[in-house]
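**Student:** Chains A and B supply the protein sequences, listed in that same order. Note that the numbering used here gives residue 61 to position 61 of the first sequence, counting from 1, and the numbers run on in steps of one. Note that the numbering used here gives residue 190 to position 190 of the second sequence, counting from 1, and the numbers run on in steps of one.
No wet-lab data here; the hints were simulated from the structure. From the three backbone atoms N, C-alpha and C, an ideal C-beta is built for every residue, glycine too. Don't take every hint at face value.
[To be verified] For lysine to aspartate or glutamate, the following EDC-like pairs were computed, each having C-alpha atoms within a straight-line distance of at most 20 angstroms: (1) K281/B to E138/A; (2) K274/B to E138/A; (3) K88/B to E138/A; (4) K33/B to E18/A; (5) K110/B to E18/A.
[To be verified] Ranges of calculated distance between the beta carbons of each label pair, as one might list FRET restraints: (6) T172/A to P179/B: 33 to 41 angstroms; (7) H86/B to E18/A: 48 to 56 angstroms; (8) S59/A to K274/B: 50 to 58 angstroms; (9) S59/A to H86/B: 21 to 29 angstroms; (10) S263/B to E117/A: 53 to 61 angstroms; (11) Q222/A to H86/B: 48 to 56 angstroms.
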Amino acid sequence: MDKDIIKVNDLIVAYDDEPAIWHLNMALKENSITAIVGPNGAGKSTLIKSIMQLIKPVSGEVWINGSKSRKALKEIAYVPQKGEVNWDFPTTVLDVVMMGRYVHKGWLKRPNKKDREIAMSALRVMKMEAFRNRQISELSGGQRQRVFLARAICQNAGIYIMDEPLQGIDITTEKLIIKTIKSLQQEGKTFLIVHHNLDTVEEYFDHAVIMNKSVIAAGDIQDVWTKENIDKAYMEMGAG
Amino acid sequence: MELLSSYTFLIVAIGTTILSFAAGVIGTVSVIKGQSLIGDAIGHATFPGVILAFMLVGVTDTLPLTIGAIIFGVIAFFFIQLITNHSKVTLDGALALILSSFFGFGMALKSYVQGNPGFSNTQGIDDYIFGQAAYMLRLDVWLIIIASVASLLLFMIFYQQIRIYTFDPVYSSTIGINPALVNVLVLSMTILLIAVGLKAVGAILIVNLLIAPGVIGLLWSDRFNIVLLIAGLSGAVSAFIGTYISTAYAGFATGPSIILVMSVLVFISMMFGKRGLVTRKFNLRGDAT
Chain A
1 MDKDIIKVND
11 LIVAYDDEPA
21 IWHLNMALKE
31 NSITAIVGPN
41 GAGKSTLIKS
51 IMQLIKPVSG
61 EVWINGSKSR
71 KALKEIAYVP
81 QKGEVNWDFP
91 TTVLDVVMMG
101 RYVHKGWLKR
111 PNKKDREIAM
121 SALRVMKMEA
131 FRNRQISELS
141 GGQRQRVFLA
151 RAICQNAGIY
161 IMDEPLQGID
171 ITTEKLIIKT
181 IKSLQQEGKT
191 FLIVHHNLDT
201 VEEYFDHAVI
211 MNKSVIAAGD
221 IQDVWTKENI
231 DKAYMEMGAG
Chain B
1 MELLSSYTFL
11 IVAIGTTILS
21 FAAGVIGTVS
31 VIKGQSLIGD
41 AIGHATFPGV
51 ILAFMLVGVT
61 DTLPLTIGAI
71 IFGVIAFFFI
81 QLITNHSKVT
91 LDGALALILS
101 SFFGFGMALK
111 SYVQGNPGFS
121 NTQGIDDYIF
131 GQAAYMLRLD
141 VWLIIIASVA
151 SLLLFMIFYQ
161 QIRIYTFDPV
171 YSSTIGINPA
181 LVNVLVLSMT
191 ILLIAVGLKA
201 VGAILIVNLL
211 IAPGVIGLLW
221 SDRFNIVLLI
231 AGLSGAVSAF
241 IGTYISTAYA
251 GFATGPSIIL
261 VMSVLVFISM
271 MFGKRGLVTR
281 KFNLRGDAT
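The shape of chain A in the complex, shown without the other chains:
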């Protein structure tokens, strides 16, 4: 757990001249489960979108596995916020999960039987097997999140970056997602997760990045999860 698998150096991101992230530095420890915590408007989603190169920063660098190239992104499975997806799209649960295999197929090859098996086992992990032929618009919030995580598992990446995966889902799904994340950690995976519920940070995560435009405190949960740090993020600079 010593290697920094992602490094962010002096990142500045702005929307229409309004800074969303200001001189931010952080590192993601390999094999950790790291929470990104901060008030609304703190730039949490902006940070992970910058890492995923979905947003062009004003300045600063993002290193993934020691590389700055776009190809390094293939090592990351990204789980978007629910609202970013076209839910009316005519597709089934299994088809969505199979999209995770795209990285391994290139753009001309169609998914084969083996990809299907991988997708089915990912669905099994998320207990969504019975829903495989369901139209995605018929799923509940929790079920949708399970499908997204199954797609990420299917991608078989080393790093998982998730934007508020526990937002607005049922408690059973929340427990299942956390259990799955912890068992994937045993397999050597790394997690960077935007998290909003302060009460569960210590239970779910071993590392945290507390931020508000820039990093207030980051590191081992035992060291950084103090009232002082949290207050600092939420009160003093909480200009949300």
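Model the placement of chain B on the given structure of chain A, informed by the hints.
**Tutor:** This is chain B only, laid out in the frame that chain A set:
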């Protein structure tokens, strides 16, 4: 019925049928994305391109007129982008502006040309407003076939990218798909199909070939590939019947005839499709959505 074995009719019908199949498949993407009216704006905006091309070459030859249409389709799209990116005008506002101003410009040019003794043989120009498949030449049909087959091939090659991008654009870009490229691809196919289909269906109604089949497909299936297939087939069937009607009965323009058949199919689908009104009423035990 004699018409069915007529060589001319068959050539024309093959053209409109293939065009509508391709337009149905490719148009489904914008229907799902909720951007159907981009096709409408572009369809109307091609009209001044047709007239200007005619003014340049002086004859109603298909090739230069089609190129004029393509150029104006592209210009219209850039204007739409320009307006939405650099002003507070929303997409629907920009589309309405471009649609009416470009088409108005086209109509003004048309009356100038038709009232000007310097231009002869201007009557063929009217066909580009509502379409007249009966006057299509073999070259017109060839252009349609080439454009349609090329579009469908491109669609098949980029099928995975188009599918993932349409469903989840953000995710698609994180797994190495270039969203801008997919967007340009779909748009280019759309403009191309509009341009070659103008003479058959006309600038005003061509958007229906892109929208109605997708709507029909979505009413019958939850699978992307099956939706595309139904869209293509319903487009093709409507085009064939519509072309037959307009060839058999003088005075029926082709565009309106095809669109009327399509509208009947849309209506039937809304009633009896998988999520149709009648289906839901009599199948309450089914899915509770």
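**Student:** Check the following: the C-beta atoms of S263/B and E117/A are separated by a distance inside 53 to 61 angstroms.
**Tutor:** 45 angstroms, violated
**Student:** Verify the CB-CB distance for S59/A and H86/B against the hinted window 21 to 29 angstroms.
**Tutor:** At 24 angstroms between Cβs, range holds.
**Student:** Holds or violated: are the alpha carbons of K110/B and E18/A at most 20 angstroms from each other?
**Tutor:** Judged against 20 angstroms, a Cα distance of about 49 angstroms means the pair is violated.
**Student:** I want to verify a distance hint. Is the separation of the beta carbons of Q222/A and H86/B within 48 to 56 angstroms?
**Tutor:** 50 angstroms, holds
**Student:** Determine whether the Cβ-Cβ distance between S59/A and K274/B falls within the hinted range of 50 to 58 angstroms.
**Tutor:** For S59/A and K274/B the Cβ distance comes to about 52 angstroms; the hint holds.
**Student:** Range hint 48 to 56 angstroms: satisfied by the CB atoms of H86/B and E18/A?
**Tutor:** 18 angstroms, violated
**Student:** Taking only the CA atoms, is the gap from K281/B to E138/A under or equal to 20 angstroms?
**Tutor:** 19 angstroms, holds
**Student:** With respect to the beta-carbon atoms only, verify the hint that T172/A and P179/B lie 33 to 41 angstroms apart.
**Tutor:** With a Cβ separation near 35 angstroms, T172/A and P179/B satisfy 33 to 41 angstroms, so the hint holds.
**Student:** Within 20 angstroms, alpha carbon to alpha carbon, are K88/B and E138/A?
**Tutor:** Answer violated: K88/B to E138/A is near 35 angstroms, above 20 angstroms.
**Student:** Does E138/A lie within 20 angstroms of K274/B when you go C-alpha to C-alpha?
**Tutor:** 14 angstroms, holds
**Student:** Given the hinted pair K33/B and E18/A, is their Cα-Cα distance within 20 angstroms?
**Tutor:** Violated: K33/B and E18/A sit about 30 angstroms apart, past 20 angstroms.
Comparing the model with each numbered hint stated earlier shows that hints 3, 4, 5, 7, 10 do not hold.
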